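Going down the list, the sequences are from chains A and B. If you read the first sequence in my numbering, its first letter stands for residue 1, the second for the next number, and so on. If you read the second sequence in my numbering, its first letter stands for residue 1, the second for the next number, and so on.
Think of the hints as simulated: they come from the structure by calculation, not from any bench. Just so you know, not all the hints are guaranteed correct.
[Claimed, not checked] Pairwise CB distance ranges, derived in the manner of DEER restraints: (1) A/LEU328 <-> B/PRO213: 52 to 58 angstroms; (2) B/SER167 <-> A/ARG192: 50 to 56 angstroms; (3) B/THR117 <-> A/LEU216: 45 to 51 angstroms.
Computed from a predicted structure; not experimentally measured. Note that the Cβ used here is the ideal one computed from N, Cα and C, for glycine as well.
The residues making up each chain are set out below.
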Amino acid sequence: MARPDAFLFAPKPRGAARWLPWALGAVVVLGAVLFPYLVDRPRFWLPNIGVRSIWLGIIAMSLVFLNRYVGLLSLAQVTIAGVAAYGVGYVVVTLQQDFLLGALVGLVAGTVAAFLIAIIAARTKAIYFLMITLAIGQVFYSFASQSIEVTNARRGLAPIARPDFGILNLNDLTTFYYFALALGLLCYLLCRYAASSTFGLTLQGVRDSPERMKALGYNVNGYRIAATTFAGFIASVGGILLVLDRAQVDPDVVSLGSTLDVLVVAVIGGVGSLGGVFLGAIVLTLLSNFAQNLTDRYMTLTGLVFILVLLFAPAGLAGIGKQVKRFLDRRRSSEPDAGEPAQDPAATRPPESAITKGKQR
Amino acid sequence: MDQILLITLNGLTLAAVYFLVASGLTLIFGLMRVITMAHGTSYLLGGYIGYAIARQTGNWFLGALGAAVAIGLLGLVIHQVLIRRFQDDDMRVALITLGVSLIGTDLMLAVFGGTATQVPVPGELQVASLSIPFVGAYPVLRLLVLAAAIVIGVALALLINRTRFGSVVRAGVDDSQMAAATGVNVRVVFAVIFVLGSALAALAGVVGGTLFPLLPGQDGVYLLFSLVVVIVGGMGSIPGAAIGAVLVGVVSQFALVYAPTYSLVLTFALMVVVLAVRPQGILGRHL
């Protein structure tokens with residue numbers, strides 16, 4: 001996918017490289033729209049694969065946004081989504097209020113939580129950021145599974161019924177699927193827009209050379225916090241969808257396992273690609289639904305896929321095309337492929353976001 | 001007063017276990033600049049192996065030794081196969097080892113089941129207690145653990161600061177390329193440190209598994225605590241790990257008594273305070 005900021009680094013892609021991503025995107029969107037009519041058992045496919053992939057993808061997308069444009073790998077995105085989900089649960093179940101109010105509270109709670117996490121964690125970077133966000137996530141998990149008053153401990157908050165807005169009846173599976181799809185697309189476009197705005201370009205400056213940006217008068221820490229908060233908002237949207245899908249919220253939502261799920265989605269899809277996360281999410285949901293027929297050790301299988309992707313395709317599924325192309329190019333001719341660097345997220349990556357930096361041999 | 005002393009002692013013995021786990025993590029990070037997220041897995045698997053051997057042979061020390069050797073070897077394999085190639089890519093190493101821990105959690109659940117187990121010690125030691133002024137009777141087992149942690153900590157500090165191997169390690173910490181240029185085989189040093197760190201985690205697992213139950217999920221908990229300990233104490237510093245472990249252990253025990261629901265949240269608040277004042281940790285060097 002052509003980077004919106006490609007002109008900063010290299011000439012615009014030409015020929016196939018230019019329209020191929022758009023064509024692919026159009027095919028994927030078309031496939032997603034026709035999805036309910038393509039599958040044999042919509043009652044199984046729509047919620048288990050469709051909707052679940054979309055909210056997993058949205059949460060993973062917030063992680064990818066932070067990694068790609070700010071160079072921070074956050075393991076607290078699931079926690080933020082969980083805070084939003086608990087916000088909805090608290091308003092709807094404990095306070096017995098309307099779902100819309102709950103969604104609003106959830107969005108605000110998630111975003112504020114992201115802001116607070118950012119204040120603590122943004123002072124650090126790279127591996128420290130990873131560890132601190134992981135620690136924060138685990139602390140919230142233990143809080144959620146112990147606090148009776150707020151989160152109802154292990155039993156969680158239920159039931160959270162899907163609302164019926166007249167024309168938009170979310171109890172209808174197909175409607176709910178399209179609603180989720182629309183939200184997912186909106187989040188994607190919002191991330192793309194944010195990335196190509198002045199704000200996004202500044203973020204990439206902060207990512208590539210914090211010292212230089214500081215010298216130019218930018219508040220580097222402020223930008224990191226703002227980006228983390230924005231990503232937190234996206235993750236919160238994912239959290240709202242999550243709670244609509246599960247109809248309840250319990251500590252499992254924010255457990256280490258869920259954190260790893262989202263990380264697996266991001267890594268399989270490609271941590272450098274905003275759209276790739278949905279591919280990763282589909283792979284994970286398919287694995288979790290069908291691997292159980294083959295083996296009890298579904299987690300082991302997921303872990304193996306995760307490690308294999310990290311070892312051999314660090315740019316994820318979204319990067320495999322480029323990897324193959326580069327491999328073929330190298331075999332075809334020994335001349336350096338100068339026309340392509342804009343395509344390669346690896347070329348412009350800072351050391352902090354090194355997952356995609358990998359030595360791609 | 002008595003109660004405060006008792007809680008402090010409990011905190012210190014808990015800190016002993018935290019220190020043993022975290023010292024391995026901080027040792028590995030100090031030299032290799034990579035974080036192994038499979039450290040909690042080494043802890044729990046070490047505990048299980050120690051449990052299995054100690055139950056079969058009836059000898060606690062054999063269990064501890066067997067666990068340390070087995071996990072050390074496992075660490076060697078993980079290092080050679082998965083980590084060595086990505087030495088300079090700390091994020092990728094963190095993620096790969098996270099994948100290892102995911103697999104480890106699942107397989108341990110499959111093999112050892114979901115019930116709690118505890119590494120057996122001779123019966124008389126289990127019930128023996130020592131009378132301590134102002135505190136009263138206190139289990140000898142816990143005091144032994146505390147003593148063992150102190151001995152191991154001092155031994156590690158001596159190893160790093162007083163031996164030839166230690167000076168090679170310190171040279172590697174400061175500038176691994178320069179150390180390699182002077183003829184040190186840095187790769188071997190890296191491998192040895194990784195094995196040592198993993199073996200320490202396994203030992204901690206046996207010690208921890210003697211005091212507390214071994215359960216699925218403990219791998220995540222101990223990974224979390226060792227991360228918090230090294231973040232508080234400063235990455236890569238053995239004395240820092242000791243200070244961090246004592247702070248985390250004591251704070252979490254006091255919190256457990258006075259605000260049980262928020263014990264972990266308070267422990268975490270400690271981390272936030274330290275980070276706010278010193279982002280590199282108490283004894284950490286520049287970030």
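> Do B/THR117 and A/LEU216 keep their Cβ atoms within the hinted range of 45 to 51 angstroms?
Replying inline: With Cβ atoms ~59 angstroms apart, the hint is violated.
> Does 52 to 58 angstroms hold as the CB distance between A/LEU328 and B/PRO213, or does it fail?
Replying inline: 55 angstroms Cβ-Cβ, so the 52 to 58 angstroms window holds.
>> Taking the Cβ atom of B/SER167 and the Cβ atom of A/ARG192, is their distance within the range 50 to 56 angstroms?
In response: Since the Cβ atoms of B/SER167 and A/ARG192 sit about 53 angstroms apart, the hinted range of 50 to 56 angstroms holds.
Of the numbered hints given earlier, the model fails hint 3 alone.
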